[in-house]
Amino acid sequence: MKAAVLYGKEDVRVEDVVPGELRPGEVRIRIEAALTCGTDLKVFRRGYHARMIVPPAVFGHELAGTICEVRDAGDWREGDRVVAANSAPCGRCFHCTAGQENLCDDLLFLNGAYAESIVVPARIVEKNLLRLKPDTAFVDAALTEPLACVVQGIEDLQLRSGERVLVLGAGPIGLMFVSLAKHLGCEVTVAGRRAGRLEAARRLGAARVIDVGDGQDLPARIRRECDATFDVVIEAVGKPEVWEAAVQLVRKGGRVNFFGGCPSGTTITLDTTLIHYSNLTLLASFHHTPRTIRRALEYIESGVIRARDFVDGECSLSDLPSLLKSMTEGNRMVKTLVRVRE
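Per the numbering used here, the sequence shown starts with residue 1, numbered consecutively.
FYI, nobody ran anything at the bench for these hints, they're computed from the structure. For clarity, every value in this text was computed on a predicted model and none was experimentally measured. Ideal Cβ placement from N, Cα and C applies to all residues, glycine included. Hints should not be assumed to be uniformly reliable.
The list that follows gives simulated cross-link-like pairs (lysine to any residue, SDA-like), each with its CA atoms no further than 20 Å apart [claimed, not checked]:
#1 127 <-> 23
#2 42 <-> 330
#3 133 <-> 42
#4 127 <-> 42
Taking CB as the label site, the calculated pair distances span [claimed, not checked]:
#5 79 <-> 211: 34 to 40 Å
#6 41 <-> 278: 56 to 62 Å
#7 69 <-> 252: 54 to 60 Å
#8 158 <-> 263: 43 to 49 Å
#9 291 <-> 137: 40 to 46 Å
#10 274 <-> 100: 25 to 31 Å
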């Protein structure tokens, strides 16, 4: 079958690979929708991800499709329409038994969405393979994994109706935060770049959008554009300087979620007096759990989240390497649907 294989830093090749054999408890999915992702872009730039993927390996992790082969996997059947998460917890370690499955000491990751089919390991079949309703579009369902991470962030913050929320970043994740926060009754302001993405934020319900330009002196720029105070600030960029700005922009007694993951080894400087005397709550959210995966699919199947609001491009599998390269150079797409079969 044809698949996109990651070999190293900015080195993805579309080539023929031999489909893996099924072991007991596993299923094979014929991929009907695969989406690009900011995490995939980070991996493409760096050439690896210490926990998720070690090259050479088939790339991609946001997918939905149809089961085309089953081996002793319970009541799963060929023809079932499904979405598979990109990981599953062990269920036995300290963090799993404490209800923090996203922090599992032995998370099993799944990659290989940029291919004609994918073998889903038994643990993911058991914990994070979900059936789709007959009328759920595959491209909508493929948003389940990133949306589950956003759900995790929303729930960690305990967002309440009426709160004033500032989202820093108007990429796919930032826009999902906008959509869910608005759905929950919050007043949302978005600060980001690129007119198209800021207009998307407005369409999704943002009360204000702020173009941050070159990003210099971010707190002052946002204060000049907006005199509101913010109960919650969500950092959805993954840059140390934006983490620092988030702390300066939240109100006294407010909450900050450092959602965007910064490069390994980076550090930030925080004003301890500000944090202490303003009684700030600073937290970070990572990944998802089986429960937030299911909650995300509920949002999708109820129409709260729709692919048409986030997926604004399409490309063939053969064009994926050039697409990834253009993404490193700042193309304006939010998310792209990858056609895995010509």
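Look at the Cβ atoms of residue 41 and residue 278 and judge whether their distance stays inside 56 to 62 Å. Check failed, 35 Å falls outside 56 to 62 Å.
At the C-beta level, are residue 274 and residue 100 separated by a distance inside 25 to 31 Å? holds, 29 Å
What's the verdict on residue 133 and residue 42, does the C-alpha distance respect the 20 Å limit or exceed it? Between residue 133 and residue 42 the Cα gap is close to 32 Å, so the pair fails against 20 Å, i.e. violated.
Residue 127 and residue 42 were given as a pair; does the straight-line alpha-carbon distance stay at or below 20 Å? Given that 20 Å is the threshold and the Cα spacing comes to 27 Å, the pair is violated.
Can you tell me whether the CB distance of residue 79 to residue 211 sits inside 34 to 40 Å? Between residue 79 and residue 211, where Cβ atoms are some 48 Å apart, the hint is violated.
With respect to the beta-carbon atoms only, verify the hint that residue 69 and residue 252 lie 54 to 60 Å apart. holds, 57 Å
Pairwise hint evaluation, residue 23 against residue 127, where the allowed Cα distance is 20 Å at most: holds, 17 Å
That 40 to 46 Å hint for residue 291 and residue 137 (C-beta), does it hold up? The hinted range 40 to 46 Å is violated for residue 291 and residue 137, with Cβ atoms some 23 Å apart.
Cβ separation of residue 158 and residue 263, checked against the hinted range 43 to 49 Å: This hint is violated: roughly 29 Å between Cβ atoms.
Next pair to validate is residue 42 with residue 330; report whether the Cα-Cα distance is within 20 Å. holds, 13 Å
When each numbered hint is compared with the structure, violations occur for hints 3, 4, 5, 6, 8 and 9.
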